[in-house]
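Here the protein sequences come in this chain order: Z and W.
In terms of the numbering used here, the first sequence is residues 2 to 255.
In terms of the numbering used here, the second sequence is residues 2 to 255.
Pairs count within a copy or across copies, as identical chains cannot be separated in the list.
Dumping the calculated DSSO-like pairs for lysine-lysine here, alpha-carbon to alpha-carbon at most 30 Å:
(1) 18 to 148
(2) 32 to 133
(3) 56 to 148
(4) 5 to 65
Read the hints as simulated data drawn from the structure, not as lab findings.
Spelled out from the first residue to the last, the chains are:
Protein chains: 2
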Amino acid sequence: MLSKPQIRTITSLQQKKFRREHGLFIVEGVKSVTEFLHSDYSVQRIYHTAQAAAKLPKIPQNIKSVEIDDLELKRISSLRTPQGVLALVGIPDYPPLTGDVLQNGFHVVLDDIQDPGNLGTIIRTADWFGLKRVICSIGSVDVYNAKAVQASMGSLARMQVYYTDITQLVADSAIPVFGAVLDGSPIYDTDFGQEGLVVLGNEGNGISTAVLPHVTHRVTIPRIGNAESLNVAISAALFCSELARKGKIDPGVY
Amino acid sequence: MLSKPQIRTITSLQQKKFRREHGLFIVEGVKSVTEFLHSDYSVQRIYHTAQAAAKLPKIPQNIKSVEIDDLELKRISSLRTPQGVLALVGIPDYPPLTGDVLQNGFHVVLDDIQDPGNLGTIIRTADWFGLKRVICSIGSVDVYNAKAVQASMGSLARMQVYYTDITQLVADSAIPVFGAVLDGSPIYDTDFGQEGLVVLGNEGNGISTAVLPHVTHRVTIPRIGNAESLNVAISAALFCSELARKGKIDPGVY
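For reference, chain Z alone in the conformation it holds in the complex:
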């Protein structure tokens, strides 16, 4: 039986402010919770229904696991249709991003992306294509937002997501900075070399004016039809796919 203060604490994690205060975020659903249990993330507590318990892997003894009923789950879930299990997971603290980490490979850099579904989908896609990190500007949507976690379909458990001053990052970059723009060179002919940052802009405004001057390679997904732009998660996927097609992503390196 959950107390009112417990319910209040858990539901407060639907807001970024309280996620940062408690250092915790929510993961829901058997598949996602299982992936976080098998990851480097620190799962702190699991709330599950009797029915869902059978579908979960063995929960390590150091993780407190609480059986609750459907009504209680509904009260703490951020999903319209709760999925039997909800975990509280620690927000990780990564070592600072240094040039060493970025060299000899490719990283997706997101410039103030706002839609949590887009961010989650980019993480899922980057994971499919073998990347290990996504770098977000400070002003980007919080990846620990329930919708972003959900859209990542468990891939967040395998990815490192950094928040950093990306203007500084691209200004100081010793490696090429590729930027997705509407008037650059065709992506299919682009020589990506062996390392680089791939910058994708905000949903409405594209790459910010502070970041744009530091883009060393302006790259475009050629348009045949009439849409004004592509969704940012779609653009990110097309860049990841081009890197993969050209043999630039080595699963051994990442």
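Assemble the complex: chain Z is given as a structure, and chain W must be docked to it using the hints.
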């Protein structure tokens, strides 16, 4: 001033049943409404605030246009943040799909896609890459759903979206049927020839067991990392992009 029955009729269009009954759907926002005004769709009525009126193009005399205030707009809008203008647009009635229409080109076929955001994004992406039609199974989400219309970012105004028995369609197909599966040939090496249907499956279950036997070319987006699958709108985009890269989409034909 909108009457209660008027408000009821408009908000009823948020449900598929009433959209079909009235043959109408809702388009919101200056950009989208402008694109529908410039399209072959029949815009029947426009509700706009005084502020939004200045941003709209000249509205033809045969379209009834009604000025309303912010509060009234909020009552009829399906958006959390209404965008100044809401149009009622007629659901088009296309001639039946025949082999002639499908030959000498490529069409995306969606097998019971459920998420309206995914459908809208696929329409936007197909429009970017110069396709003119998207074909949905009867069980797919309704494209005139507000979220699908919104996610298409105006591209729906330029696209024909068919709902048909796709099992019959692929069974009778005289042209190749490419299917997005997890264990097919790599997409980058696939010879798409000059025409075909590109089938993408449901978000959870992939291509249905009724459709799968009619897939003549099983195609896979090669995975390097660990995600279990890709989002269906991402997969659709990667197929469209491959067709574009290989010069299979001729803007003159579509």
